[in-house]
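Chemist: Here's the letter readout for the chains.
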Amino acid sequence: MAEQVGTWWIWKVFWILLVITGVEVVLGIIKPEIMLGPFLGTSILNIVFIVLTLVKAGYIVQVFMHVKYEKKALKYALYLPSLILIPYLTFILLTEGTYLFT
Amino acid sequence: MASTAEMTKEENNWGGGSRPLGARYGKLMMWFFLLSDALTFSGFLTAYGLMRFKYESTWPIAENVFTHFPGLEGDQPLLYVALMTFILIMSSVTMVLAVNAGEKMNRKAVTNWMLWTIVGGFIFVGSQAWEWYHFIMGDSGAIETSHQEILHVYNAEGERLSFSQLVHGMEEGHASNHGETFSKAEVLTSLESNKGYYLKEPGKEGEAFTHQESIAFLESGDVVQGANMIRNEYGRKQFANFFFFITGFHGFHVFSGVIINFVIFYNVLLGTYERRGHYRMVEKVGLYWHFVDLVWVFVFTFFYLV
Chain D
15 MAEQVGTWWI WKVFWILLVI TGVEVVLGII KPEIMLGPFL GTSILNIVFI
65 VLTLVKAGYI VQVFMHVKYE KKALKYALYL PSLILIPYLT FILLTEGTYL
115 FT
Chain S
48 MASTAEMTKE ENNWGGGSRP LGARYGKLMM WFFLLSDALT FSGFLTAYGL
98 MRFKYESTWP IAENVFTHFP GLEGDQPLLY VALMTFILIM SSVTMVLAVN
148 AGEKMNRKAV TNWMLWTIVG GFIFVGSQAW EWYHFIMGDS GAIETSHQEI
198 LHVYNAEGER LSFSQLVHGM EEGHASNHGE TFSKAEVLTS LESNKGYYLK
248 EPGKEGEAFT HQESIAFLES GDVVQGANMI RNEYGRKQFA NFFFFITGFH
298 GFHVFSGVII NFVIFYNVLL GTYERRGHYR MVEKVGLYWH FVDLVWVFVF
348 TFFYLV
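Chains D and S, in that order, are what the protein sequence lines are. Residue 15 is where the first sequence starts when you use the working numbering, and the numbers rise one by one after that. Residue 48 is where the second sequence starts when you use the working numbering, and the numbers rise one by one after that.
Hints may contain errors.
Partner residues aside, some chain S positions facing chain D, computed with beta carbon under 10 Å [unchecked claim]: (1) Tyr-72; (2) Lys-101; (3) His-225; (4) Gly-226; (5) Met-328; (6) Glu-330.
To be clear, the hints were calculated from the coordinates, so they are not data collected in a lab. Values in this document were obtained by computation on a predicted structure and should not be read as measured data. From the three backbone atoms N, C-alpha and C, an ideal C-beta is built for every residue, glycine too.
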């Protein structure tokens, strides 16, 4: 695309993804005590993992898959179904999962 | 008039010639395929979450299951899967570089970066095969009760024991069974002669049983080593089923991605896109390849981290 010059922006995203993965792995190995407390139905650590994952996914979709530079109509066509249906499915199934005990 | 202007605009949109989404049909079709594939994968991962919520207290903890690293002894949680993630991210980067070179009509650079992407994909598929091998072969072994519950062997100090350590003793045995198979009689004799040893459920809040109860469980049950679709030594059978299904489905995507990448690479070598005047095919397979990376980011989190 004409928007970017050179390849520095690719390597920038590479380093961001690498650092985030590194942080996730280190947190996963040491599992800091203070982050294991209950929070939003799970632990703070798990919420951190999920947020970091969404950040990584955002960079891959926006930059690597070029969605950032697409027309608004295409962005909506891709984002609306996925951002409505996937959280909805997740919500329904995880809620049901807790009821399956009873 | 504003309404007339709008009407004309709409007519233009439907009359052809304009591009409401600003992308060619091939790229759009790839995107809509990926969107449906994303919904498929989210179905798998949320189904995994459903089962995990149902069996929350005794669900196997991934870092106690995937502990191997080539060339290193002992427990190495997360390291191997982190390496796999790095390989896939790296091959995603080489793919962006290939697409980028394609836009500049730089055939030599496209060839080079496509080749590296294929190499990265192959290493990833190989790594997954290695992990499957260790998962299927098993590690410490477990006892399956007559109610098909999985129990692990612990000593009085609360350390998990492998069958190797149980039968050959703590000094002689290995933390991993190293492919040695143990019979129910061998395990039962060793468990009976070590009064402090007991059985415990896997997972965060797994229940521990007394020595007497443990022996009764083994007498009416059996020993399990390794994993298949029917039983696995790690815990709930759904755990192995989801592992095989989700990483298998993802691995199949990587494998088909490598093949598609190779076809495109071959066409680059033949000069097909040079003659066509554009490298849009590289961009389309690039989208597919990044999607494979995207799915792995989620599998990594929800299968190995959380």
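Chemist: Of the hints given before, which are not true for this structure?
Modeler: Hints 1, 3, 4, 5 are the ones this structure does not satisfy, whereas the remaining hints hold.
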